[in-house]
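Q: Chain A is already provided as a structure; the job is to place chains B, C, D, E and F on it using the hints.
Number of protein chains: 6
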Amino acid sequence: MKIVTFGEIMMRLATPQRLRFSQASQLELTYGGGEANVAVSLCNYGLDAAFVTKLPKNPFGEGAIQNLRGLGVDTSKIARGGERIGIYFLETGASQRASVVVYDRAGSAISGVKAGEFDWNSIFDGASWFHFTGITPALGPDVAAATKEAARAAKEMGLTISCDLNYRKKLWTPAQAQATMSEIMEFVDVAIGNEEDAEKVFGIKAHGTDVSGGQIGHAGYEQVARELAGKFGFQTVAITLRESYSADKNGWSAMLLHENLVLNSRKYELQIVDRVGGGDSFAGGLIYGLATGKSGQDALEFAVAASCLKHSIAGDFNLVSVGEVEALMGGDGSGRVQR
Amino acid sequence: MKIVTFGEIMMRLATPQRLRFSQASQLELTYGGGEANVAVSLCNYGLDAAFVTKLPKNPFGEGAIQNLRGLGVDTSKIARGGERIGIYFLETGASQRASVVVYDRAGSAISGVKAGEFDWNSIFDGASWFHFTGITPALGPDVAAATKEAARAAKEMGLTISCDLNYRKKLWTPAQAQATMSEIMEFVDVAIGNEEDAEKVFGIKAHGTDVSGGQIGHAGYEQVARELAGKFGFQTVAITLRESYSADKNGWSAMLLHENLVLNSRKYELQIVDRVGGGDSFAGGLIYGLATGKSGQDALEFAVAASCLKHSIAGDFNLVSVGEVEALMGGDGSGRVQR
Amino acid sequence: MKIVTFGEIMMRLATPQRLRFSQASQLELTYGGGEANVAVSLCNYGLDAAFVTKLPKNPFGEGAIQNLRGLGVDTSKIARGGERIGIYFLETGASQRASVVVYDRAGSAISGVKAGEFDWNSIFDGASWFHFTGITPALGPDVAAATKEAARAAKEMGLTISCDLNYRKKLWTPAQAQATMSEIMEFVDVAIGNEEDAEKVFGIKAHGTDVSGGQIGHAGYEQVARELAGKFGFQTVAITLRESYSADKNGWSAMLLHENLVLNSRKYELQIVDRVGGGDSFAGGLIYGLATGKSGQDALEFAVAASCLKHSIAGDFNLVSVGEVEALMGGDGSGRVQR
Amino acid sequence: MKIVTFGEIMMRLATPQRLRFSQASQLELTYGGGEANVAVSLCNYGLDAAFVTKLPKNPFGEGAIQNLRGLGVDTSKIARGGERIGIYFLETGASQRASVVVYDRAGSAISGVKAGEFDWNSIFDGASWFHFTGITPALGPDVAAATKEAARAAKEMGLTISCDLNYRKKLWTPAQAQATMSEIMEFVDVAIGNEEDAEKVFGIKAHGTDVSGGQIGHAGYEQVARELAGKFGFQTVAITLRESYSADKNGWSAMLLHENLVLNSRKYELQIVDRVGGGDSFAGGLIYGLATGKSGQDALEFAVAASCLKHSIAGDFNLVSVGEVEALMGGDGSGRVQR
Amino acid sequence: MKIVTFGEIMMRLATPQRLRFSQASQLELTYGGGEANVAVSLCNYGLDAAFVTKLPKNPFGEGAIQNLRGLGVDTSKIARGGERIGIYFLETGASQRASVVVYDRAGSAISGVKAGEFDWNSIFDGASWFHFTGITPALGPDVAAATKEAARAAKEMGLTISCDLNYRKKLWTPAQAQATMSEIMEFVDVAIGNEEDAEKVFGIKAHGTDVSGGQIGHAGYEQVARELAGKFGFQTVAITLRESYSADKNGWSAMLLHENLVLNSRKYELQIVDRVGGGDSFAGGLIYGLATGKSGQDALEFAVAASCLKHSIAGDFNLVSVGEVEALMGGDGSGRVQR
Amino acid sequence: MKIVTFGEIMMRLATPQRLRFSQASQLELTYGGGEANVAVSLCNYGLDAAFVTKLPKNPFGEGAIQNLRGLGVDTSKIARGGERIGIYFLETGASQRASVVVYDRAGSAISGVKAGEFDWNSIFDGASWFHFTGITPALGPDVAAATKEAARAAKEMGLTISCDLNYRKKLWTPAQAQATMSEIMEFVDVAIGNEEDAEKVFGIKAHGTDVSGGQIGHAGYEQVARELAGKFGFQTVAITLRESYSADKNGWSAMLLHENLVLNSRKYELQIVDRVGGGDSFAGGLIYGLATGKSGQDALEFAVAASCLKHSIAGDFNLVSVGEVEALMGGDGSGRVQR
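Protein chains in written order, with my numbering: chain A, 1 to 339; chain B, 1 to 339; chain C, 1 to 339; chain D, 1 to 339; chain E, 1 to 339; chain F, 1 to 339.
Hints were generated in silico from the structure; no laboratory data involved. Every value quoted in this text rests on a predicted model; they were computed, and no experiment measured them. Careful, some of the hints might be misleading.
[To be verified] The following label-pair restraints were derived from C-beta to C-beta distances:
#, chain 1, residue 1, chain 2, residue 2, range
1, A, A115, D, S25, 35 to 41 Å
2, B, G251, C, Q338, 17 to 23 Å
3, F, Q297, D, R266, 55 to 61 Å
4, F, S295, D, V322, 48 to 54 Å
5, F, G46, C, K170, 48 to 54 Å
6, D, V322, C, Q338, 41 to 47 Å
7, B, G330, A, H207, 40 to 46 Å
8, F, S295, E, N264, 42 to 48 Å
9, B, G330, D, V322, 36 to 42 Å
Just so it is clear, CB atoms sit at the ideal spot from N, CA and C, and this is done for glycine as well.
Isolated chain A (complex conformation) (with noise of 0.2 Å):
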């Protein structure tokens, strides 16, 4: 069971200790990016994850890489060449206080990355599912392009082809991303997002829903996974449901839409260490519960515990084994000193 995932991982700068950028005189240095965290969950799942992008020949180039593959990704399709890194300063919230996310990935190498630049017949050689984000092709006409052939060589080759939605409103407006992802997504046979997403880059929006308020109706969240669905041809619809009470807790949970079959998962209380990439982490765990066999329930079920687990961690990285994951499905949520 081969994964390839496509786009770009950055270089993540970090304050300590729920500092402000004011505040600190030390950052702290990862590597992170949307489908590389789902690379590197579906490794830690036991499955092989090759992860392409482009980095550029200096140290952090080598760092992203030597990161990826010490967790076991294939790093070998990784382009080399351009001139930057992307880079992004995380400031993480607490209590009432927001996290912020600075970006700083203009001119990054996989910016600069065109379509013929990979072979992708090579690339998909063995694989069985293909998996990206919106976030690539929002990184410019020329990366779309290169994203839209990546989807249509997969899918001659038989490729199941996952696409989280992740509207990112810094690198494109909803107008550019609808024209844009409405090409590729001809080739998507699971889609993942979240309510925003779906809004901005499709303009479907559920009714009665205040995401900042942490409302979340859940007939809402079955119309537009239906919509969806109905518009693109999706088999899969996964949205997930994060109610932000704060930056320290969130409830958290998501809806599948699969065989046409809505299913609800079970919902977490977060006690909230690290945010960021808890979406790839619930991407991560249900691409290994589909392409595994489970069912639609228990791929859910896997996904949103996975993903639960990703929000005690810090860093992009979902660090969790598949027995750490199952045994919270299990329900084994109580934290007992595992001696």
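A: Just chains B, C, D, E and F, lined up with the frame of chain A:
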């Protein structure tokens, strides 16, 4: 709009990571003090603020100035001399374990200040507001005389004068506080305190309130505010209402007696990172609100929201912008990531 | 009032900041172990406590002694020799992610101790209480023999003897535990445990209790305590009741069967900094209470309040004073700053 | 005495403890840049210095300003706008392993500055000295035009103008440097450089010198200085002489061609803590000396002693006082504790 | 070009900042071991290297693999099982105070390896070089048998075999070493050691050499190399020559007996950051040189320059590239900043 | 063999990593003081040492005691009371930049000690040696009287008395020092100092010596020692000879006038980690040597070797064993790894 504050700034040495004093091999060095904290808040809100104190000619006197000046505070009126800067050691508590503050402020440069040492007419030139706290006169009879001198000068020059009562039992007895503070109160327009302050400084006590038990009666606070206003002619009295559930969790709100109306604020449930400076951040927010012509209710809500955010920030200073405070006032306490 | 404890002290290497093992580039080095932790508690409460163990002649054997001696523990009876100090690695969990302990204690100096190696008559001279835990005999048949020898000597010399059952599944099977422990229980006056201990060590099981689910039935615990007392003639049986909501939050209380009465403690809601050593801090508090002549209820409340505070303190040791425990017993768990 | 400097300030992200980039999980965050470093030196010496640049409206633009303002630099003329602050990553070497700098400065706010964007007449009002380095025009043709514009305005307003040649091979080629710099040199009174600069920027080469081999011929430097002065009409030419024995140990001295005399400084043997900013600290010392009317020899010795001390200080900034520099000039390099 | 190494990798726990063990509250966690260090060097030089060992199925076995794999080492042949990973504690010295290593390796997974446990034919498939050190057979008779088995298989499959003698007095006596090692030497082509190794392992002693006094006689080393080659038929013998002036400063060079010629290297004066792994980095450089067909002198100079750089790098691994080594070989040890 | 020392122990707050005070956001917390440092040395050498002082009843008084007791010092005679513990801030220098100490010791508990406050007969019971430094009487007339009282009692009880002159210019003038110290010297058997001490305290000056220039004349020191012995009847006079080349590098040796012979020690070239406490470590070594009956030359060499090692250790305390000192005395300063 220029505000002047006068008082002590201390070196703050805090154990990291909620360690007890006996466990710490490192202490985190910052600076803070009631009136300096207010000046920093005001600068963050875009006003001009000058902080007046006396600091020794040594690296730590310099350090305090460097810190304040970096944050935009006018430090040009700070006198230099004396032997030492006061120190306070902070052990941040957790759960049922309370935070511990050990003061080591005897003999600090500011405590040697005498009436006549500062040229208040020059200092207040162009200013519209003067703020001090009850800590300053508590540093000794000479400092008390200097404080009274400052308040009289400010009154004569037409400034609005605010005082945060801030009773400190290690500095003086209630009897001493009452004798000294009563003489200065005649110059004060805006009094800020909590129930303990009113009782300890002026013997004004609310009925049916148990501070350590976390029980707070609104009616009692209204009574205290009205008694204070009646006794000293304050135009405005603000009382902060802290419900201490534990060292990590507090309820936080405030009431304001303003233009003879009693106004009550929204209440926030705090997950605390650092509660030192919480009251000062309220004072900073209130002064900002009143000085910029907000209504009483708006000024109160701004002050409470500002100080709510302070509890999520390490150190004495409230490092937030007007925009961040207003976002919280506007209802977004969800802590969603700001990308 | 002199208390002697006997057992293993280990090097504790913990990841900082709730990192997973695979993320840590630094480990925090302290020392701890069931009986040593009790000795530290007792010294903090002003009693004399000696800790007996065997430690290698290397910097880490020295380190453990330096730590204990600094905290006032009498280390003069510690034997020196053997090859290594046992180690345990700790990864502190968060939210639904459980803490993980990896033991590396095989071949530790204490595990090579044989009966006859310690001069118990000399060690117990002047002492009135002897404490050990079920971990010590679990270290091997020779250590079990030495433990029994110690208990017999203590009994003959008139000391009160307490045992914290502390079942460790990585050290022995329930069958082994029962065979060995049953022989030593005849000397024990005060037994301390939780439901799992009683079941694993003696096969005594409460009905209707699901530990990992966080459901605890008081009636079941009373039954367990009475069965234990009936079987081994314990004068006192204490059972701690932990409700594990998550790795961060627990409910914490205890019950005591004492002079044939069942006493129940107040319950605390814990926001956890470090729960390792929580049970030991209860034992330390209970021994303090009983040894200084408090009533059963007072000793129980002291023990529970003491161990409540422990959960807010990093490391194995409960670094609190009698005054701090009594303040909490007296109802002040508000965490207000102690200035 | 007011000095104005103009150029780029970057975020500096350095590995701690001489780690290689691939080993670091934390980076130390400070700010620095040639002209900002000079401004800081001058403020430390008690002069007024304003630093002119453009910085983005984000937390790191603010951070740079907060840092400079804290150290007393006038930041009121800094323009705000653009997308990002330039970054440089620093890996400090040791022994035979060289330090490595990775620049990530493309697209920085300052690089988008155009002629006409700053009101130089207002900026230079009341100033007597203008300083810039060869890095500023190297940032692009527009910035070069703005630099020339500034130099012309300064000249017209009667300021003394100094330029540290500072050739950066990653920013431009020698041919580009020569074409651009030659046009600006007509306004310059004081040129500062090392032999490599003179060769790379103006093709002026000393004979018999091997920089990487650490061999320096004084006669060659005199020749270079005289050629430079002859070609551009500089009143003063300073050349720093670094003998690189290893990453830890350098010899450090300088020569000055001043009023047509060649002056040689004392030579210091450096044990290096941080050599980035070493040249800037020399420039800062020299400007201080010349601007305050010291003799050429005294200004030179002040500059060399100041920059000697800089090599013992972490970060770009030379945090020393006139008194400390003069103590070293006076012969006390013994490093005895100052109690 | 594929190289296989076989041996132990340990957890390395080092005090930070040259602290003594008794001062450290944190230990820095990395991994290292003679043969693993060589494999890392070879991967850094662009060769394929596989490291064979046995590691427990716990987070630290995983951690070692994650580290090696991140650096490009083929870890697919590592056996999993056993109880623990060996540990070594390192206190880095300074000036006249020596570094101290405390080994805690008894019972490590690798020490339980038996002949027949690894499928050497499969492991060596496609490889051209096999490397091990004298530490591996010293771990016990079973491991010694497995090592011999590996060497025999490698010889039969036509690989070149190198052995770093690496005598460890805490693992065995000279007599034991000699008996065991002599049997394995028949398979070895390239022997690496220092004078102490030759003496301790084979009783071959140079005249007129005082290791702790830092006096090294070249003639003596030539004699030792020739005796070694004569006795065991080595094609190549390398001897590293360390002159220990202090814990911070060493002289470092080596000699090579190759094709019956004695070759002497350039000598480097080291300012030491970390000297653990210094010998391994020499072996890694030598294998690289010889395996890629360099002349004896070039291979020797590469090895010495590579290991010179290692002493400037924290941790066991020599994180340098071929380009960096060749720059130093080419004469640039000036440590000038690489911008 | 029991030794008693009497004096002040302070909280030491040092910047990490050779940062300047203005750069530090953390300070490293340890404890130290002349006489406490000597007591720690003696305990490390296996002798019994009691340290007598007065410390406040707060966490930092406790911290100092916990530290000393952990290292084996008898702290049972320490008086508790007073307001604060003295503090000294340390900025460790590098290269030509000197270390800076800022004292904040006014009002410390020990400075309030009066004659009659300690029961010296009880304290000296069973002791054979009493040690103090010139800092103790310099803390004020009352403490001077208490010191004299202690010295007289020690003399009457037959103890050997040593005094490290330790002149501190911030505590008193030479005239004050001479008047007070002369009175106490009559009880002293062993005087320890450097040339500056002798000159400042007693006006005894060597010819041809320039301390800050690092020039030391042996003949001059012999003259000073003989004058001191002649004037006060000292049996033994030791003078430490520090050659300060830089903050990192010193030469270190000593001379001893003992039984009327002048003895000169070996000289060590130090690479300095921390030189605070260097003189105290010499005193500790000398007392150990003399008190255990070594010859003058052996005691001197032990003292110099011990204090050589101290300079490689962070903090005030000399954490070395007799074995480590003797290894260095025996000639092994090579710093080879001790495995």
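Q: So, for every hint listed, does it hold in this structure?
A: So, going through the hints one by one against the coordinates:
{"no.": "1", "hint": "A:A115 to D:S25: 35 to 41 Å", "in the structure": "holds, 37 Å"}
{"no.": "2", "hint": "B:G251 to C:Q338: 17 to 23 Å", "in the structure": "holds, 20 Å"}
{"no.": "3", "hint": "F:Q297 to D:R266: 55 to 61 Å", "in the structure": "violated, 41 Å"}
{"no.": "4", "hint": "F:S295 to D:V322: 48 to 54 Å", "in the structure": "holds, 52 Å"}
{"no.": "5", "hint": "F:G46 to C:K170: 48 to 54 Å", "in the structure": "violated, 39 Å"}
{"no.": "6", "hint": "D:V322 to C:Q338: 41 to 47 Å", "in the structure": "holds, 45 Å"}
{"no.": "7", "hint": "B:G330 to A:H207: 40 to 46 Å", "in the structure": "violated, 23 Å"}
{"no.": "8", "hint": "F:S295 to E:N264: 42 to 48 Å", "in the structure": "holds, 45 Å"}
{"no.": "9", "hint": "B:G330 to D:V322: 36 to 42 Å", "in the structure": "violated, 51 Å"}
Of the hints listed earlier, those the structure fails to meet are numbers 3, 5, 7, 9, in rising order.
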